[in-house]
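S.K.: Sequence:
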Amino acid sequence: MMQVQQGVVSTLASLGKFHEELTEFSRRILREYDFGSDVELVHQILVEPIEKSVEFTSLHRFTVSVGLDFADCKEIEIAASILIGESSCATAVEIRADLGEAAGELGERKLALYEEMVDGIELSAAIGFLGKAVRNLGNLADPLKALAERHV
Numbered sequence: 012m013m014q015v016q017q018g019v020v021s022t023l024a025s026l027g028k029f030h031e032e033l034t035e036f037s038r039r040i041l042r043e044y045d046f047g048s049d050v051e052l053v054h055q056i057l058v059e060p061i062e063k064s065v066e067f068t069s070l071h072r073f074t075v076s077v078g079l080d081f082a083d084c085k086e087i088e089i090a091a092s093i094l095i096g097e098s099s100c101a102t103a104v105e106i107r108a109d110l111g112e113a114a115g116e117l118g119e120r121k122l123a124l125y126e127e128m129v130d131g132i133e134l135s136a137a138i139g140f141l142g143k144a145v146r147n148l149g150n151l152a153d154p155l156k157a158l159a160e161r162h163v
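Read in the numbering used here, the sequence shown has 49 at position 38, and its numbers run on one by one without any break.
Keep in mind that a hint or two might mislead.
Simulated crosslink set (SDA-like; lysine to any residue; CA at most 25 Å straight-line) [claimed, not checked]:
#, residue 1, residue 2
1, K143, H54
2, K28, I132
3, K121, H54
4, K28, V129
5, K28, L94
6, K156, E51
7, K143, L23
8, K28, A152
9, K156, E35
Note that these hints are calculated values from the structure, not bench results.
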C-alpha cells in the first residue's frame, strides 16, 4: 500500500509542478503581449470525474474585453490536462482562443492555436509526455503567433 501512496504523491507533485510552470508561462504572456487595459488572468486546477476516469486540468484563462465592461470578450486558454482511466491515460497541452463577437467576418470563433496530445498510454508515460509538452510550450518564442496572423 505504501508504494501506491508514493505513486499518488509523485503524480500529484508532478501535476502541481506543471501547473506552476504554466502559471509562470501565462504571466510571461501577460507581460509580453499588449492586451490593453481590460484583461483578466485566472489560474485554476480542475478535477472532474468522467465515467470511470478522472480528468485533471491546469487551466489559465485570459479574458480580454473588447467592449465596455467586458460586455464582449475574447478568451485565450492555456490548458494541460490528463485523463486517468482504469487501463490507460490521455493527455493534452493546448492553447485555445474564443474570439467571441470579435470574430466578425472571419467566421472562426474558436481557434486551436497550439496542441500536443497523446491517448492510450500508461500513467508514467502520460506524466512524462505532459512534462515534455509543457516544456515545449514554454519554449515557444511566439505562442500567440497564429492568433496575431489572423489580425484579431
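S.K.: Which hint numbers doesn't this structure obey?
M.R.: none
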